[in-house]
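Just so you know, we're using full-length UniProt numbering here: the sequence shown kicks off at 1 and counts up by one.
For the record, the hints were derived by calculation from the structure and aren't laboratory data. The C-beta atom is built at its ideal place from N, Cα and C for all residues, glycine as well. Any given hint might turn out to be false.
[Said to hold, decoys possible] With a Cα cut of at most 20 Å, we get these calculated DMTMM-like pairs of lysine to aspartate or glutamate:
no., residue 1, residue 2
1, K102, D220
2, K318, E427
3, K66, D220
4, K491, E427
5, K93, D220
6, K96, D220
7, K154, D97
8, K154, D220
9, K491, E366
10, K66, D53
11, K102, D183
12, K66, D56
13, K485, E366
14, K192, E366
15, K102, E453
16, K66, D54
[To be verified] Restraint ranges, calculated between C-beta atoms of paired labels, are given here:
no., residue 1, residue 2, range
17, T323, Q50, 55 to 61 Å
18, Y67, V118, 28 to 34 Å
19, D220, F320, 19 to 25 Å
20, Y351, V381, 34 to 40 Å
21, V364, F450, 37 to 43 Å
22, N60, K394, 53 to 59 Å
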Amino acid sequence: MEDKTGEKRDLNVQESVSSSEALDDELGEQRQLHDANAKRSKAGIVLIPQPSDDPDDPLNWPAWRKYLALAALSFGSWVCYVTATIIAAGTPKIAKDLHVTKAQATYVLTTPVIIYAVGPLILVAASHFIGRRPVLIIGTLVSAISCFGCAVSKTYGGVLVARYFQALGAAGPLILGPASVKDMYFRHQLGKMVGINTILLVISPFCGGIIGGPILQHLDWRWSQWISGILMFVAFFGYIFLVPETIYVRDSFEAGDKTRWGFRIPKRKHQHSFLFVFTRPIVMFMYPAVLLPCFWFGIAYMVHVGITSNISLIFESKPFNFTIIQAGLSFFSGLIGAFTGELFAGPVVDYLATRALKTGKTWVPELRFRAIWLALFMMPVGLIVFGTTIQFVKKWVAPLVGNGIYIFGVQIMTTVIQTYIMECYPEQAMEAALVLNFFRNILSFIPPFFLNEWIVKSGAALPFGIFAMLAVVFFPILVLPVILKGPAIRKWSGKPNWGKTT
1 MEDKTGEKRD
11 LNVQESVSSS
21 EALDDELGEQ
31 RQLHDANAKR
41 SKAGIVLIPQ
51 PSDDPDDPLN
61 WPAWRKYLAL
71 AALSFGSWVC
81 YVTATIIAAG
91 TPKIAKDLHV
101 TKAQATYVLT
111 TPVIIYAVGP
121 LILVAASHFI
131 GRRPVLIIGT
141 LVSAISCFGC
151 AVSKTYGGVL
161 VARYFQALGA
171 AGPLILGPAS
181 VKDMYFRHQL
191 GKMVGINTIL
201 LVISPFCGGI
211 IGGPILQHLD
221 WRWSQWISGI
231 LMFVAFFGYI
241 FLVPETIYVR
251 DSFEAGDKTR
261 WGFRIPKRKH
271 QHSFLFVFTR
281 PIVMFMYPAV
291 LLPCFWFGIA
301 YMVHVGITSN
311 ISLIFESKPF
321 NFTIIQAGLS
331 FFSGLIGAFT
341 GELFAGPVVD
351 YLATRALKTG
361 KTWVPELRFR
371 AIWLALFMMP
381 VGLIVFGTTI
391 QFVKKWVAPL
401 VGNGIYIFGV
411 QIMTTVIQTY
421 IMECYPEQAM
431 EAALVLNFFR
441 NILSFIPPFF
451 LNEWIVKSGA
461 ALPFGIFAML
471 AVVFFPILVL
481 PVILKGPAIR
491 KWSGKPNWGK
501 TT
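Assemble the whole structure, with the sequences as input and the hints as a guide.
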């Protein structure tokens with residue numbers, strides 16, 4: 001009865017906030033920065049958060065172990081969208097084979113996006129009880145089997161169902177990957193390491209198109225699913241052999257529970273119910289420092305999937321007349337844009353933190369936004385170039401350059417905002433990341449349903465010009481207040497009052 005009463009009391013206060021706790025945390029960090037006994041890196045940088053003395057603490061793992069785990073986690077993030085878009089260039093073949101229209105065939109590519117929006121809610125809640133590692137392992141196994149099921153299905157409905165389960169299993173790395181990276185690295189390293197993970201998320205749709213082009217041209221779209229299943233199994237074994245459990249509640253684990261490579265079930269002093277944990281991301285929607293930039297992120301990002309799902313329809317038609325292989329190779333533009341964007345974003349956001357930590361200046365997460373201005377410029381420019389040159393120039397180089405410029409900005413935006421929200425509420429980093437993931441996928445789900453028809457009726461310049469305008473117009477409404485008044489907003493809203501859940 002006491003547990004139920006306590007649980008009910010927790011549920012009653014789950015929306016309450018504590019601005020004094022937020023202030024205490026900031027003051028505590030400032031004391032650490034000036035504490036002569038604080039642990040520091042070899043370069044003399046104060047380590048935030050301060051690691052424990054336990055070698056099993058992920059912050060204390062040797063560099064080689066962190067790098068191996070980072071590689072496996074990033075590969076898993078990469079695979080989740082590769083398996084989604086590897087059939088992108090084969091829309092006409094899918095339509096013919098399954099006896100559906102081209103519009104219906106695009107749903108095979110885009111409909112699983114909705115699973116990426118809601119699936120992590122279940123998987124993240126499960127990870128609080130059994131750990132991140134088991135969820136990643138089981139999820140990739142389910143996804144791999146579903147890829148094979150999609151390859152052998154003979155009906156349109158069967159293919160869609162297989163794609164749903166494929167997406168559900170692959171949804172875990174979208175959130176658990178960055179959260180696990182955060183568990184292992186300090187503040188002055190976080191931007192670069194999260195950036196490595198996010199760049200693979202951003203480029204993976206383009207890699208799927210590049211890989212899928214030759215497969216669809218010379219083999220069959222079903223072969224793309226066999227290969228997707230194989231890639232998922234590679235991620236599956238990577239999680240088994242290279243990723244220990246990264247959840248570490250420093251004051252709650254018992255000594256006997258600390259095993260590096262086995263399944264370590266998180267044990268906390270106050271263990272909540274599954275329903276309680278499942279609802280945590282919903283509460284995070286009430287925190288402006290998370291809600292506002294994530295909503296803008298979704299607006300600026302949503303046409304990304306629209307381009308991916310329609311790129312074969314655009315370039316395989318007149319006046320471009322690409323082959324399937326050429327349509328797949330057109331995804332290289334996004335690949336180049338993402339890599340060059342991360343070459344800028346990761347080092348810059350880490351430099352901002354390193355400079356503050358070295359000088360002992362007051363650090364607020366909003367300083368990360370100093371790196372976002374270039375993204376605000378490049379994304380609309382890229383979209384305008386992409387749309388206008390498709391309609392008026394009708395040469396393939398110009399629109400692909402525009403797409404690369406747009407993705408350059410998308411990568412900067414992704415690294416900055418994901419790092420920012422994780423740092424605002426570090427104890428609820430996964431819940432904050434779920435908000436970002438929700439807007440990224442729920443808004444991306446919309447454009448593919450009407451974008452192709454819009455382009456056919458009005459030309460490409462108008463729709464992509466409007467998407468560019470939306471990113472610019474909503475920035476001062478949603479993000480600028482956070483940049484200018486972020487500390488005051490966070491103090492006003494306080495901290496989530498349910499303790500550590502990461």
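Hint-by-hint comparison with the structure:
no. : hint                    : result
1   : K102 / D220             : holds (17 Å)
2   : K318 / E427             : violated (52 Å)
3   : K66 / D220              : violated (39 Å)
4   : K491 / E427             : holds (16 Å)
5   : K93 / D220              : holds (8 Å)
6   : K96 / D220              : holds (12 Å)
7   : K154 / D97              : holds (9 Å)
8   : K154 / D220             : holds (14 Å)
9   : K491 / E366             : holds (13 Å)
10  : K66 / D53               : holds (17 Å)
11  : K102 / D183             : violated (44 Å)
12  : K66 / D56               : holds (12 Å)
13  : K485 / E366             : holds (9 Å)
14  : K192 / E366             : holds (17 Å)
15  : K102 / E453             : holds (11 Å)
16  : K66 / D54               : holds (16 Å)
17  : T323 / Q50: 55 to 61 Å  : holds (57 Å)
18  : Y67 / V118: 28 to 34 Å  : holds (32 Å)
19  : D220 / F320: 19 to 25 Å : holds (24 Å)
20  : Y351 / V381: 34 to 40 Å : violated (25 Å)
21  : V364 / F450: 37 to 43 Å : holds (41 Å)
22  : N60 / K394: 53 to 59 Å  : holds (58 Å)
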